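Asker: Next come the chains, spelled out residue by residue.
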Amino acid sequence: MEKVFIEMINEHRGIIYKVCNLYCLEKEYKKDLFQEIVLQLWKAFPSFRNESQRSTWMYRVALNTAITIFRKESKAPERRSISDAEFEIPDMDSFEDQHEQMGLLKQAINTLTQIEKAIILLYLEEKSYEEISEIIGITKTNVGVKINRIKIKLEKVIKSDRYELR
Amino acid sequence: MNLDELKGAWAAYDDQLKSTGDIDDQVIAGMIRKRSISTVATIKKSYLYGIYFCCFYVLAFALLNIGDPFDYTRDFDQIPLNAMLGALILILVILLIARHAMKKLEVPGQSLLTYLENVIKQYRQTQKLLLWLVCTIMFSASVLFPLSFLSRKIAKSGLWWGLIDTFSLLIVIVIANVITHLLAKRKGVGERSWWSFKVIIKELEELKTMAAELKNG
Numbered sequence: 000m001e002k003v004f005i006e007m008i009n010e011h012r013g014i015i016y017k018v019c020n021l022y023c024l025e026k027e028y029k030k031d032l033f034q035e036i037v038l039q040l041w042k043a044f045p046s047f048r049n050e051s052q053r054s055t056w057m058y059r060v061a062l063n064t065a066i067t068i069f070r071k072e073s074k075a076p077e078r079r080s081i082s083d084a085e086f087e088i089p090d091m092d093s094f095e096d097q098h099e100q101m102g103l104l105k106q107a108i109n110t111l112t113q114i115e116k117a118i119i120l121l122y123l124e125e126k127s128y129e130e131i132s133e134i135i136g137i138t139k140t141n142v143g144v145k146i147n148r149i150k151i152k153l154e155k156v157i158k159s160d161r162y163e164l165r
Numbered sequence: 000m001n002l003d004e005l006k007g008a009w010a011a012y013d014d015q016l017k018s019t020g021d022i023d024d025q026v027i028a029g030m031i032r033k034r035s036i037s038t039v040a041t042i043k044k045s046y047l048y049g050i051y052f053c054c055f056y057v058l059a060f061a062l063l064n065i066g067d068p069f070d071y072t073r074d075f076d077q078i079p080l081n082a083m084l085g086a087l088i089l090i091l092v093i094l095l096i097a098r099h100a101m102k103k104l105e106v107p108g109q110s111l112l113t114y115l116e117n118v119i120k121q122y123r124q125t126q127k128l129l130l131w132l133v134c135t136i137m138f139s140a141s142v143l144f145p146l147s148f149l150s151r152k153i154a155k156s157g158l159w160w161g162l163i164d165t166f167s168l169l170i171v172i173v174i175a176n177v178i179t180h181l182l183a184k185r186k187g188v189g190e191r192s193w194w195s196f197k198v199i200i201k202e203l204e205e206l207k208t209m210a211a212e213l214k215n216g
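Top line first, the protein sequences correspond to chains E and L.
Mapping the first sequence onto numbering that gives the first Met the number 0, position 30 (from 1) lands on 29, and the numbers just tick up by one.
Mapping the second sequence onto numbering that gives the first Met the number 0, position 179 (from 1) lands on 178, and the numbers just tick up by one.
Only chain E is shown next, with the shape it has when bound in the complex (with noise of 0.2 Å):
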């Protein structure tokens, strides 16, 4: 089981990558998420029974722990912080000379509450209304209605961030 479930993070390791460089600013506490996630999928694993896709199922125990049971401020004293030569959360900035809108898209992003984060991550990764509305829990037309108004607000801040940068 073990070895499956590791094929299975490797696998879809950049739906946590994503999840951790929305949730968490600082490297330490992205590293910090990052195993709660894989610690809670782990947990989580023996009980999913293929039910909904696994990339469904990820996003929801991932968004879960990043959102409400993730906390930023408690010290875990007997967690030693893996290393950088062990592992590394691949940044938004390191892609941003390849594309200069990665940029905006982060400050853009950065403005969102921390629900919002997770419908416009959902919506960017081309879920459907249906599946965000299984992952969220709203109805798909409450989904529809947020994604309007967070993109009113996300091209509101772009529009700005332009005109400051001319």
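Accuracy of the hints is not assured; some may be wrong.
20 Å max Cα-Cα, derived EDC-like pairs, lysine to aspartate or glutamate [claimed, not checked]:
hint: 1; chain 1: E; residue 1: Lys105; chain 2: L; residue 2: Asp13
hint: 2; chain 1: E; residue 1: Lys17; chain 2: L; residue 2: Asp23
hint: 3; chain 1: E; residue 1: Lys2; chain 2: L; residue 2: Asp24
hint: 4; chain 1: E; residue 1: Lys126; chain 2: L; residue 2: Asp3
hint: 5; chain 1: E; residue 1: Lys29; chain 2: L; residue 2: Asp23
hint: 6; chain 1: E; residue 1: Lys155; chain 2: L; residue 2: Glu4
hint: 7; chain 1: L; residue 1: Lys152; chain 2: L; residue 2: Asp164
hint: 8; chain 1: E; residue 1: Lys105; chain 2: L; residue 2: Glu4
hint: 9; chain 1: L; residue 1: Lys6; chain 2: E; residue 2: Glu130
hint: 10; chain 1: L; residue 1: Lys17; chain 2: E; residue 2: Glu6
hint: 11; chain 1: E; residue 1: Lys42; chain 2: E; residue 2: Glu1
hint: 12; chain 1: E; residue 1: Lys116; chain 2: L; residue 2: Glu212
hint: 13; chain 1: E; residue 1: Lys17; chain 2: L; residue 2: Glu4
Under 8 Å between C-beta atoms, here's a sample of chain E residues computed to sit facing chain L [to be verified]:
hint: 14; residue: Pro89
hint: 15; residue: Leu104
hint: 16; residue: Ile134
These aren't lab readings, by the way, just hints derived from the structure by calculation.
Just so you know, these numbers come straight off a predicted model, no measurement behind them.
Virtual Cβ for every residue (Gly too), placed ideally from N, Cα, C.
Fit chain L to the given chain E structure using the hints.
Answerer: Same frame as chain E, now just chain L:
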């Protein structure tokens, strides 16, 4: 630039992530052997400490009842101690039930809103339990325990001096608690621990705000 253009940037970011190397199997295996630092794990640990605390004092009070080191001559003298024992046993049972109820939160595989609501429920329960525990201990130590010596002191010194003598202990305990609380507050002790109401209230408010945001259209 609109959001659809940003989708393109996101897709490129996704491609870049896919091109990163696999995480070492040993590193992942190491992660799943670590202890959780989640809220759920912290609350569970606090409940466990509470259970140990209650077990110790239940045993201590049971031994006091059996041994009778205070040489109580009348049966009703033991009522306050028995009341304290009863309250502690009740708290112990509640803590055991509450810890068992945490199982629902151990696996965050439900939808975000459902999980959020379950965690809020657990926070509220923890808040009530903590309040109940603190009030019980304060009341037991300040009122019930001194009361067990009241009849003897009245018999020895008369009604009023008996009352003053008995509750002088209460006054000392209250002053000691106030001083301890002020000193602890000054040093910031317990501000981030689960024994601080401030922490629980703050977390609860944040979670309730998020749940409200999800429910409102």
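Asker: Hint by hint, note whether the structure agrees.
Answerer: Verification of the hints:
1. E:Lys105 to L:Asp13: It holds: about 14 Å lies between the C-alpha atoms, which stays within 20 Å.
2. E:Lys17 to L:Asp23: Within the cut-off at roughly 19 Å; holds.
3. E:Lys2 to L:Asp24: holds, 8 Å
4. E:Lys126 to L:Asp3: holds, 14 Å
5. E:Lys29 to L:Asp23: The hint holds at about 18 Å.
6. E:Lys155 to L:Glu4: Holds, because 14 Å separates the two Cα atoms, which is no more than 20 Å.
7. L:Lys152 to L:Asp164: holds, 7 Å
8. E:Lys105 to L:Glu4: Holds. E:Lys105 to L:Glu4 sits at ~14 Å (cutoff 20 Å).
9. L:Lys6 to E:Glu130: Holds, because 18 Å separates the two Cα atoms, which is no more than 20 Å.
10. L:Lys17 to E:Glu6: Roughly 14 Å separates the two Cα atoms, so the pair holds.
11. E:Lys42 to E:Glu1: This hinted pair holds, its Cα atoms lying about 11 Å apart.
12. E:Lys116 to L:Glu212: Distance ~12 Å between E:Lys116 and L:Glu212 Cα, so the pair holds.
13. E:Lys17 to L:Glu4: Given pair E:Lys17, L:Glu4 holds - Cα atoms ~19 Å apart, limit 20 Å.
14. Pro89: holds, 5 Å
15. Leu104: Nearest chain L Cβ about 5 Å off; hint holds.
16. Ile134: Result: holds, 6 Å to nearest chain L Cβ.
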